[in-house]
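Chain by chain, the residues:
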Amino acid sequence: MFAVEILGLDKIYKIGFWRKKDKVGLRNLHLEIPQGEVFGFLGPNGAGKTTTLKLLMGLISPTAGTARILNQPWRDPAVRARIGFLPEQPYFYDYLTPTELLNYYGTLSGVSVTDRRLRIPKLLERVGLAEHGSMQLRKFSKGMLQRVGIAQAVLHEPEVIFLDEPMSGLDPVGRREVRDFILSFNREGKTLFFSTHILADAEALCHRVAVLNKGELRGVSVVADLLSQTRGNFEVVWQGATAIPAMRSLGAELHAAGELTRAVVSEGKLQAALDALKSHAARLISVTPVGGSIEEYFLQKLVEPTEARQ
Amino acid sequence: MTSRIRAIAFNTFREAVRDRVLYNLVFFALLLVACAPLLGEISIGVQRVLLINLSLSAISIFGIVISIFVGISLVSKEIERRTLYPVMSRPVGRGEFILGKYFGLAGTLLFNTGAMAGGFYIALLLMTRSFTQADANILIAIYFLFLQFVVVIGLALLFSSFSSPLLSALFAFSMFVAGTFASDLRAFAAMGQGPERWLARAASFVVPNLASLNVITRVSHDQLIPFGLVAYNTLYTGLYAAVTISGAVLIFSRRDLK
Numbered sequence: 001m002f003a004v005e006i007l008g009l010d011k012i013y014k015i016g017f018w019r020k021k022d023k024v025g026l027r028n029l030h031l032e033i034p035q036g037e038v039f040g041f042l043g044p045n046g047a048g049k050t051t052t053l054k055l056l057m058g059l060i061s062p063t064a065g066t067a068r069i070l071n072q073p074w075r076d077p078a079v080r081a082r083i084g085f086l087p088e089q090p091y092f093y094d095y096l097t098p099t100e101l102l103n104y105y106g107t108l109s110g111v112s113v114t115d116r117r118l119r120i121p122k123l124l125e126r127v128g129l130a131e132h133g134s135m136q137l138r139k140f141s142k143g144m145l146q147r148v149g150i151a152q153a154v155l156h157e158p159e160v161i162f163l164d165e166p167m168s169g170l171d172p173v174g175r176r177e178v179r180d181f182i183l184s185f186n187r188e189g190k191t192l193f194f195s196t197h198i199l200a201d202a203e204a205l206c207h208r209v210a211v212l213n214k215g216e217l218r219g220v221s222v223v224a225d226l227l228s229q230t231r232g233n234f235e236v237v238w239q240g241a242t243a244i245p246a247m248r249s250l251g252a253e254l255h256a257a258g259e260l261t262r263a264v265v266s267e268g269k270l271q272a273a274l275d276a277l278k279s280h281a282a283r284l285i286s287v288t289p290v291g292g293s294i295e296e297y298f299l300q301k302l303v304e305p306t307e308a309r310q
Numbered sequence: 001m002t003s004r005i006r007a008i009a010f011n012t013f014r015e016a017v018r019d020r021v022l023y024n025l026v027f028f029a030l031l032l033v034a035c036a037p038l039l040g041e042i043s044i045g046v047q048r049v050l051l052i053n054l055s056l057s058a059i060s061i062f063g064i065v066i067s068i069f070v071g072i073s074l075v076s077k078e079i080e081r082r083t084l085y086p087v088m089s090r091p092v093g094r095g096e097f098i099l100g101k102y103f104g105l106a107g108t109l110l111f112n113t114g115a116m117a118g119g120f121y122i123a124l125l126l127m128t129r130s131f132t133q134a135d136a137n138i139l140i141a142i143y144f145l146f147l148q149f150v151v152v153i154g155l156a157l158l159f160s161s162f163s164s165p166l167l168s169a170l171f172a173f174s175m176f177v178a179g180t181f182a183s184d185l186r187a188f189a190a191m192g193q194g195p196e197r198w199l200a201r202a203a204s205f206v207v208p209n210l211a212s213l214n215v216i217t218r219v220s221h222d223q224l225i226p227f228g229l230v231a232y233n234t235l236y237t238g239l240y241a242a243v244t245i246s247g248a249v250l251i252f253s254r255r256d257l258k
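Top line first, the protein sequences correspond to chains D and U. Under my numbering, think of the first position of the first sequence as 1, with each following residue one higher. Under my numbering, think of the first position of the second sequence as 1, with each following residue one higher.
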């Protein structure tokens, strides 16, 4: 079963004083996300990522198209109790404490009083806010608010969690924490759909990624496939001699850092490069195939002409 | 459904309390204290009339200001600050949200009006040393003031569901002023002829009849308020509020939350 099926969603915004001009927010988006997957939604700013999430959350209405979440119409209130959502740069009622906020959201999601009493302290513990449960949110840092945001998104134990730029604006420690949360929720069997323009995060977390630009889907790919695609090049790292003329003659650029030197050579010249190292008594450290990256895929899809995409 | 509306209403009330909206009670108390020396200069009968007029007018002004300015921000603030996103992504209908917000502010004003009424009765007791039957009549005037707030909150919500906070405040305030002179408008409609008559008549139905909800002068002079008027005003307010809230729900349900 698919966790999310997007069937031709379109969003055209009417702009201008008389609302006669059209601005494409999203054009004919089709996506299928199986249950249990971590799906990354990539794109530059203004690509349509947030528009897609707002459509799926029922915050805005589509111009055309439909979607299904957990095999039910996406606007069905019953579906809303089975999904979690963390908006981009979330802002919560700052006069509330995290405990009060979670109680409020829990009530709205239909979580019983007994369950709220059990879950909220555990959840605050899990996101590292157990000691701040009775502090007003106006005193929280951005990272702490993001943790509250994650707690509210999973409080009602949803099966699918939508996260809009969850690492945006966080320091490296905060980003690492959010990454760990995403992985742990996925280990619990939840499906995660998150938008980001930080490609390293997508590479570290996602099973599949989609690239969106100017409201159009440019491509979908399996991350493992992207990373395992070798380009027929190998990275050679060695210790010792730094200036080896034979290496240069093979067309490799040498990069020295401390005692180590690295060069990238083609598969056909690999043996010659290893022989050159041996003849200069250099100590071989590693030979690694150079794989593809999400960045390459992302940039390729952004510039690819429309007709080449399919 | 009711638990979600109740939760939203309670949160709205809590927001008003924590955002110090109820600090106006302090100003009300200070106003009563400040007027005490002034009242001491005049005879006891006039003192009582003055105290009733002054206190009830203050309750009305504070309540209307809160109804308009908090009412117009009930929805717009949530959209602007994006606090609405985690709410509307849950199984909460747009109508439930509007109703919760409405009841939350109405509850805040009920509490506010009740506290001010309590303060007023204490001041009255200190002045007259004992309550009379006529003093209970004042409660009806205070109840009517609360009904005015109920009408104005509905208008503020309706206007804020499709226009900016500034315009909403302007519209709501204009309707309040026009509503205060609703009886004049009806009299004008009765006197007029041709299209003017119909126009004035139509306007008199659209504009809330707040004049009927103002009996401050009557109670200050110990005139009894007939039960028929209480029933009429209660029913009228309920209907008027229902129409404005339905309009707000209808508009808000179709609105994109950008």
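One or more of the hints may lead you astray.
Unchecked claim - DMTMM-like, lysine to aspartate or glutamate: derived pairs with alpha carbons at most 20 angstroms apart:
| no. | chain 1 | residue 1 | chain 2 | residue 2 |
| --- | --- | --- | --- | --- |
| 1 | D | Lys-21 | D | Glu-5 |
| 2 | D | Lys-21 | U | Asp-256 |
| 3 | U | Lys-258 | D | Asp-171 |
| 4 | D | Lys-23 | U | Glu-78 |
| 5 | U | Lys-77 | D | Glu-157 |
| 6 | D | Lys-142 | U | Glu-80 |
No wet-lab data here; the hints were simulated from the structure.
Exercise. Taking 20 angstroms as the top limit, are the C-alpha atoms of Lys-21/D and Glu-5/D close enough?
Worked result: Given pair Lys-21/D, Glu-5/D is violated - Cα atoms ~30 angstroms apart, limit 20 angstroms.
For this session: Could you grab the alpha-carbon distance between Lys-23/D and Glu-78/U and see if it respects the 20 angstroms cut-off?
Result: violated (25 angstroms)
Exercise. Is Lys-21/D within 20 angstroms of Asp-256/U, Cα to Cα?
Worked result: Holds. Lys-21/D to Asp-256/U sits at ~17 angstroms (cutoff 20 angstroms).
Problem set entry | Hinted pair Lys-258/U and Asp-171/D, Cα distance within 20 angstroms | Since the Cα atoms of Lys-258/U and Asp-171/D sit roughly 27 angstroms apart, the hinted pair is violated (cutoff 20 angstroms).
Exercise. Keeping to a limit of 20 angstroms between CA atoms, is the pair of Lys-142/D and Glu-80/U held or broken?
Worked result: Holds, at about 18 angstroms.
Exercise. Is Lys-77/U close enough to Glu-157/D, meaning Cα to Cα at most 20 angstroms?
Worked result: The given pair, whose Cα atoms are some 29 angstroms apart, is violated under the 20 angstroms limit.
In summary, the numbered hints that this structure violates are 1, 3, 4 and 5.
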